[in-house]
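The C-terminal position of the sequence shown is numbered 505 in the UniProt record's numbering, with every residue numbered one higher than the one before it.
Bear in mind the hints are in silico, worked out from the structure with no lab data behind them.
Worth double-checking, as some hints may not be accurate.
[To be verified] Here are the simulated DSS-like pairs of lysine-lysine, each with C-alpha atoms no more than 27 Å apart in a straight line:
#1 K226 with K159
#2 K226 with K236
#3 K158 with K100
#4 K481 with K207
#5 K362 with K131
#6 K159 with K465
#7 K131 with K70
#8 K100 with K131
#9 K424 with K159
#10 K424 with K226
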Amino acid sequence: MNQHLPITLQIIVQDDFLIYETRELARLFYPAELTVISVDPTIDETTPVPTLGLLCYSERAGCRLICCLKTESHTFIESCFIDVERFKNDSVELDRKLFKRDFKQCLFKVLQQWRPRELPWGILTGVRPVKLAHQLTQQLENDQLIRDSLEACYFVSKKKAALLTDVAAVQRPLLDGTTPDRVSMYIGVPLCPSRCTYCSFISQPVKGQNDPLLDQYLEALIIELKQSIQWLKEQKRQLDTIYIGGGTPSVFSTKQIHRLMDTLARLYPLHQVREITFEAGRPDTLTLEKLRELHQYPVHRLSINPQTFNDSTLTNVNRQHTVHEFYQAWEMALAEGFSLINLDIIIGLPGEGIQHVRHTLKQVAALQPPNLTVHALALKRSSSLAMIRNNQRLDDRTADLLMDEIEAMAYSNRMRPYYLYRQKEITGHLENIGYSLPGTECLYNVLMMEEKQTILGIGAGAVSKQYFPAQDRIRRIPNPKSIHVYIQRMLEVGFNDKSWELFDK
């Protein structure tokens, strides 16, 4: 038998509502492509465990969870008792949230027996870990108790538990300032001058400033904007924040930017909007004329994204701009009166080692931006870099060290973390963090990430999220991902208000 052939891990769970949690936790220990998960409600202690295999089941009469993992040479078993209060009215109906937490604890322990790993986020596999810190705030008296709970019940490291409580503390007054009648808007422009090799979004490159797709897409955007804002007014909703993102919205010409912003200003009194962000992510698309056009409107915040301060890396990832062009864009924006500017950088770009990243950090520290967003590279299957990820990524310890250095640099510049999120396939199993000077937090980022306000998504691939505060739930309403399908949909149908439910009164 060829010992080098990959072996499939067979996982059998008792309940189908545990499949997602099982898959996301198991992939931290074993390749997802070699893991098969199935459901069998009849499994118990008499069920044979396949090799290589894992059985996960509960003895509900005895309130016990069992995870049994078998390899060719060992059998690993973990079990835990469930509080009988988790069972409602002596029935088998479970409080699923708490049951899932206990299940993940048991699964995590047996996987750690088999393949010990340092996982600072413990059993937390979701995109929005700060939401858990906010939920615990409702149950526990202070941040120390929240940190203790994160460490004891979710196996989060001390450092990450402190990060979560720090971010939640910054967000709390921002979230408390929202009201149910306010809605934020995301306007997506999934068009770029070129496609970065690490990009996994739907963004499409355009063929220069005269590409007809720019006008066609803008026309569709304006149709949706007019109809959706009219609908919001009928629903007696107010616009709270507007985020114009991409892609690269600054790929539009000055004339096209004027048409977009002028349409918004005619449809809604923009001075009443608390925050407007315009993402000019690619420095090579930003001109003095475009900045002056934006400055005619209450655009509070710009995002200009170098990603790295190493020209060779920019060439490797097909960014098609230079570090010098970033500095030109930065200085132009400051000269035109834009003081609230965010910079994005990425940790884990191909070919970059620790000295490359430290060089980038040195340049960022010298600029002292009010906002800094740090992304740990996440390579999805749709990015061309995903094919070469195995030999071009920072190791976990180096990535973690660099994130510590970034945090130290941010704090030395008086910035503090104000939002974070995680992704699959992320470098070092880390997180993406937004830092800000006190009082300059991007409100849209907080509202969108913590899902405490309705977000109206405009554009191809945009996802609206209707928030129902009475149930604290979100309902997703996606637009077509294809740019051409979206354009056709807007021309034929327009904004579909029928896909929305009635708002809470």
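Hint check results:
| no. | hint | verdict |
| --- | --- | --- |
| 1 | K226 with K159 | violated, 46 Å |
| 2 | K226 with K236 | holds, 16 Å |
| 3 | K158 with K100 | holds, 22 Å |
| 4 | K481 with K207 | holds, 20 Å |
| 5 | K362 with K131 | violated, 32 Å |
| 6 | K159 with K465 | violated, 31 Å |
| 7 | K131 with K70 | violated, 35 Å |
| 8 | K100 with K131 | holds, 16 Å |
| 9 | K424 with K159 | holds, 20 Å |
| 10 | K424 with K226 | violated, 36 Å |
Checked against the numbered hints above, the structure violates hints 1, 5, 6, 7 and 10; every other hint is satisfied.
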